[in-house]
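Chains as they are written, first to last, in my numbering: chain A, 504 to 1029; chain B, 23 to 161.
If you are wondering where the hints come from, they were derived from the structure by calculation, not from laboratory data.
Be aware that one or more of the hints could be misleading.
What the hints assert, rightly or not - With a straight-line Cα cutoff of 25 Å, these simulated DSS-like cross-link-like pairs (lysine-lysine) come out:
| hint | chain 1 | residue 1 | chain 2 | residue 2 |
| --- | --- | --- | --- | --- |
| 1 | A | K718 | B | K92 |
| 2 | A | K718 | A | K648 |
| 3 | B | K92 | B | K114 |
| 4 | A | K648 | B | K114 |
| 5 | B | K46 | B | K27 |
| 6 | B | K67 | A | K676 |
| 7 | B | K137 | A | K716 |
| 8 | A | K718 | A | K846 |
| 9 | A | K676 | B | K92 |
| 10 | A | K676 | B | K119 |
| 11 | B | K46 | A | K718 |
| 12 | B | K27 | B | K92 |
| 13 | B | K123 | B | K27 |
| 14 | A | K718 | B | K27 |
| 15 | B | K92 | B | K119 |
| 16 | B | K46 | B | K137 |
| 17 | B | K26 | A | K697 |
| 18 | B | K114 | A | K697 |
Listed below, chain by chain, are the residues.
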Amino acid sequence: MTEKALQILLVEDNAGDARLLREMFRMEGPDTFELTHVLRMSEAVIHLAKGSVDILLLDMGLPDAHGLDTVRLAHSVAPSVPLIVITGLADEALAAEAMKEGAQDYLIKGQIENRALPRALRHAIERHRMQTETDLNRINQLQFKDEFLSHVSHELRSPLTAIYQFVTILLDKLAGELNEEQHNYLGIVLRNVKQLQSMINDLVEVTRMQAGKLKIELQRTSLSDAIVYAVNTLQGAAAAKGITLTSEIALELPLVCADPTRIRQILIILLDNAIKFTPATGAAVVRCQVFGQDPSLLVLEVSDSGCGIAPDMTERIFERLFQTPDPATAGRKGLGLGLFICKELVTRQGGQIWVTSIPDKGSVFFITLPVFSLPNLIAPALKRERHTEGPITLVVTEIGSQTGWLSAEVRTEQSQGVREVLQQCVHSDLDILLPKMGLSGATELFFILAITDEIGGAAIARRIQERMASYEHIQQAGLTTSTSYRSVEAIRRNAAESMKDFVEKVASQIQEIMDQEISLRMVNCE
Amino acid sequence: MSNKKILIVDDDPDVRQGMHVRLKANHYDTFFAGDALSSIAEARKHDPDLIILDLGLPAGDGFVVMDRLKTVPSLAVIPVIVVSARDVLANKERALKAGAKAFLQKPVDNAELLKVIRQALGEPALTVRAVVHDLGSIT
């Protein structure tokens, strides 16, 4: 039985080095290896795309690619092809870095021995195969865990439904009068049903986080609205325990760039904890103000007069499945997922979370979130282009419903998909898909800032309409889309004007146009 | 004015009974089906104003029921609310696309269930309130 010759692609621009390697392979016999030699990365990419390469030998200094970029590029074009980098003696450290980027091994020029070469190749191929297998196993395991948890949560929710239904039937006296004691006991059952339900929800949420399926939609968001909502929601639970729950919100707070649903979720977890760990007659307070150390952030504080956290635990409480070691302080243990979920949600919105605490006095949880700033969002594009005058175009995409009003549910469900489609239509360096600008009436609006003139704007708009027409979610949900573009009045940077002032000037003009577009829809929906 | 009729399709008899007590107390008449097949027969028989539909059912599932309802003109117009223990992410969009008015995950809060039922039945007082609420949240 003869094995098929191993297809080697050698990417090497140095003729001498290439000849040397070619000789080595020739000595192994023509049936063992078949060598293809190219000089540039661009040629290598074409060969790799054909898919017949068994292993890639890659020089890290090519005319059209250099250093780790060569490895990244090759790996992104053909992740399934094992890769050995060839490097000079001085670059051994770099070669070691290359292994982190997906290379299986490295060879040092001048130190390649005849006999060692085929072995190195076969090792690399075998190592790559094992790595792929491990990755596949991991994916399978994650998928299994996903399916398992989805199944378990479904099975737990069904009996919980019947318990909830009949407890509330009794509590609402639909099955006759209750005495006070019976009423109290049923109240305890209901509280525990809700606890069980929130545990199931937490489990599902964490599974989603780990599978990368968490939805976060950043937009212009009012923290004070979220605080008022969360405090109102938990006022009853606090009062029942004899705890005063209040909020202190600084006047004229700027809006933040965050997902309002997720902010409410975070606040509810923190306030729920504060109430849980604070004894009767204690107090919990939510505060919000501009962060003293950095005015581009707002800081949210949730403080309580509870049992506090031991100093060595203040980092660990954000770990997954962490539980307080002293059960007396917690009453009942939860799953240990609440603060872990908080930390994930805060981090994914560009913020930070930490806690300070004095045992037996109380704790303060701090969260920072970035202030929404249009100048900050558009500055990179303007600076990259050194854009001091000339065209800027705002492309407006509108998603509407045939029934005239887009429900909140459809908005959240479709937004992420639409944003992904739009992201594919923009030139990533020059155009910016802006976050949601807040409520926009009967339809949903998406804005793209493009550093281009009207003709460029028209091209982007056309591209978006084409993509949207073939985006099946939009079609199936029976939604309508339209895209228009508005060129921003010629803005010129004065010689005396700083870049910062210029960016702010551009931002305020763009804001004005966006406000006009939004208010147009507000009138339409009345 | 006679009570509105609601068909409850769920394979769990406890859940059916719990729903029945709650809906009766809110002046709705209820009918039941425990599987996909009989749900169509019961719908034909009672001509309900609304169907509350579970997804996991014997002899087909909730999606099959919705497809089947669409093929009969007199049943196609009946609003459907899906009430299921299944995952929201994987099923909500699909259910709405299949024609459901709403997707609620079990266990459903009583107030929420009644609100959605009233909306689906187009009962005027609450529809107006919902619109006011929607508009209020914009400004």
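Here's how the hints hold up against the structure:
no. : hint            : verdict
1   : A:K718 / B:K92  : 32 Å, violated
2   : A:K718 / A:K648 : 20 Å, holds
3   : B:K92 / B:K114  : 19 Å, holds
4   : A:K648 / B:K114 : 21 Å, holds
5   : B:K46 / B:K27   : 10 Å, holds
6   : B:K67 / A:K676  : 32 Å, violated
7   : B:K137 / A:K716 : 30 Å, violated
8   : A:K718 / A:K846 : 15 Å, holds
9   : A:K676 / B:K92  : 39 Å, violated
10  : A:K676 / B:K119 : 38 Å, violated
11  : B:K46 / A:K718  : 38 Å, violated
12  : B:K27 / B:K92   : 19 Å, holds
13  : B:K123 / B:K27  : 17 Å, holds
14  : A:K718 / B:K27  : 38 Å, violated
15  : B:K92 / B:K119  : 13 Å, holds
16  : B:K46 / B:K137  : 15 Å, holds
17  : B:K26 / A:K697  : 31 Å, violated
18  : B:K114 / A:K697 : 22 Å, holds
In this structure, the earlier hints numbered 1, 6, 7, 9, 10, 11, 14 and 17 are contradicted, and the remaining ones agree with it.
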